[in-house]
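Undergrad: I would like the entire structure built from these sequences, with the hints used as guidance.
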Amino acid sequence: DGGITQSPKYLFRKEGQNVTLSCEQNLNHDAMYWYRQDPGQGLRLIYYSQIVNDFQKGDIAEGYSVSREKKESFPLTVTSAQKNPTAFYLCASSAGQDSNQPQHFGDGTRLSIL
Amino acid sequence: AQSVTQPDIHITVSEGASLELRCNYSYGATPYLFWYVQSPGQGLQLLLKYFSGDTLVQGIKGFEAEFKRSQSSFNLRKPSVHWSDAAEYFCAVAPVGFQKLVFGTGTRLLVSP
Numbered sequence: 001d002g003g004i005t006q007s008p009k010y011l012f013r014k015e016g017q018n019v020t021l022s023c024e025q026n027l028n029h030d031a032m033y034w035y036r037q038d039p040g041q042g043l044r045l046i047y048y049s050q051i052v053n054d055f056q057k058g059d060i061a062e063g064y065s066v067s068r069e070k071k072e073s074f075p076l077t078v079t080s081a082q083k084n085p086t087a088f089y090l091c092a093s094s095a096g097q098d099s100n101q102p103q104h105f106g107d108g109t110r111l112s113i114l
Numbered sequence: 001a002q003s004v005t006q007p008d009i010h011i012t013v014s015e016g017a018s019l020e021l022r023c024n025y026s027y028g029a030t031p032y033l034f035w036y037v038q039s040p041g042q043g044l045q046l047l048l049k050y051f052s053g054d055t056l057v058q059g060i061k062g063f064e065a066e067f068k069r070s071q072s073s074f075n076l077r078k079p080s081v082h083w084s085d086a087a088e089y090f091c092a093v094a095p096v097g098f099q100k101l102v103f104g105t106g107t108r109l110l111v112s113p
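From first to last, the protein sequence lines stand for chains B and H. End of the first sequence = 114 in our numbering, gap-free, step of one. End of the second sequence = 113 in our numbering, gap-free, step of one.
Accuracy of the hints is not assured; some may be wrong.
[Said to hold, decoys possible] SDA-like mimics (lysine to any residue), calculated; alpha carbons at most 20 Å apart, straight line:
| hint | chain 1 | residue 1 | chain 2 | residue 2 |
| --- | --- | --- | --- | --- |
| 1 | B | 57 | H | 100 |
| 2 | H | 61 | B | 104 |
| 3 | H | 49 | B | 100 |
| 4 | B | 9 | H | 39 |
| 5 | H | 49 | B | 104 |
| 6 | H | 49 | B | 102 |
| 7 | B | 9 | H | 40 |
| 8 | H | 100 | B | 98 |
| 9 | H | 100 | B | 44 |
| 10 | B | 57 | H | 95 |
| 11 | H | 49 | B | 29 |
| 12 | H | 100 | B | 52 |
| 13 | B | 9 | H | 42 |
| 14 | B | 9 | B | 26 |
| 15 | H | 100 | B | 55 |
| 16 | H | 68 | B | 100 |
| 17 | H | 61 | B | 102 |
| 18 | H | 100 | B | 61 |
| 19 | H | 100 | B | 102 |
| 20 | B | 71 | B | 26 |
| 21 | H | 100 | B | 56 |
| 22 | H | 100 | B | 53 |
| 23 | H | 100 | B | 31 |
| 24 | H | 100 | B | 38 |
| 25 | H | 49 | H | 75 |
| 26 | B | 57 | B | 79 |
| 27 | B | 57 | H | 3 |
| 28 | H | 100 | B | 100 |
| 29 | H | 100 | B | 95 |
| 30 | H | 100 | B | 42 |
| 31 | H | 68 | H | 8 |
| 32 | H | 49 | B | 98 |
[Stated by the list, open to error] DEER-style ranges, computed between Cβ atoms:
| hint | chain 1 | residue 1 | chain 2 | residue 2 | range |
| --- | --- | --- | --- | --- | --- |
| 33 | H | 9 | B | 56 | 29 to 39 Å |
| 34 | B | 100 | H | 68 | 19 to 29 Å |
| 35 | H | 66 | B | 41 | 22 to 32 Å |
| 36 | H | 108 | B | 60 | 16 to 26 Å |
| 37 | H | 71 | B | 41 | 18 to 28 Å |
What the hints contain is simulated information worked out from the structure, not anything from laboratory work. Built from N, CA and C at the ideal position, the CB exists for glycine as well.
TA: Pasting the structure below:
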């Protein structure tokens, strides 16, 4: 079945450590997104990519980095510069850039600080 | 700036009763509108979407939503709630022509026996 796979499901980060969250899709979608979800705040956009080798900052990009070397993969790195990384991270993809293409979501990665 | 308001943080409904979740948006033109559902520890699943045309939109799992331009609202409804509908529901908007969703803060639905 086509879908979005996020791994790991749970991740723990030590102080000063960078961690990378994986997102893979086999839907042949061009666009991919990373969101952060905190209780009571809904979803906030971190980064998005409309095509391979191109990505743009979202609303809360500070302390995060991404790459888009392959169409199916859009990994997110949470750097040590992100001072409050504890959250639920969701990856999504859509068939095209236009907003009439619904976004499909993975099952998320929960990141916690040790 | 675009914004989405879901005024109810929590709603409790008895099983079998009807449900209405409220969503209001602020945007200069009519955007695309979406409702998503999230079960605990899971990702979001699209329930329905509105782009244009008929203002009453049917979705999956027996849900429907009505777009009211005069009220800038897109409320989600279900005639008879099942215990499996307990989840968090998010309304989202996106400007026409650009794929950048703005989400509301969500409404958590609790279903009582």
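Undergrad: Against the structure shown, which of the earlier numbered hints fail to hold, in ascending order?
TA: Per hint list: zero violations.
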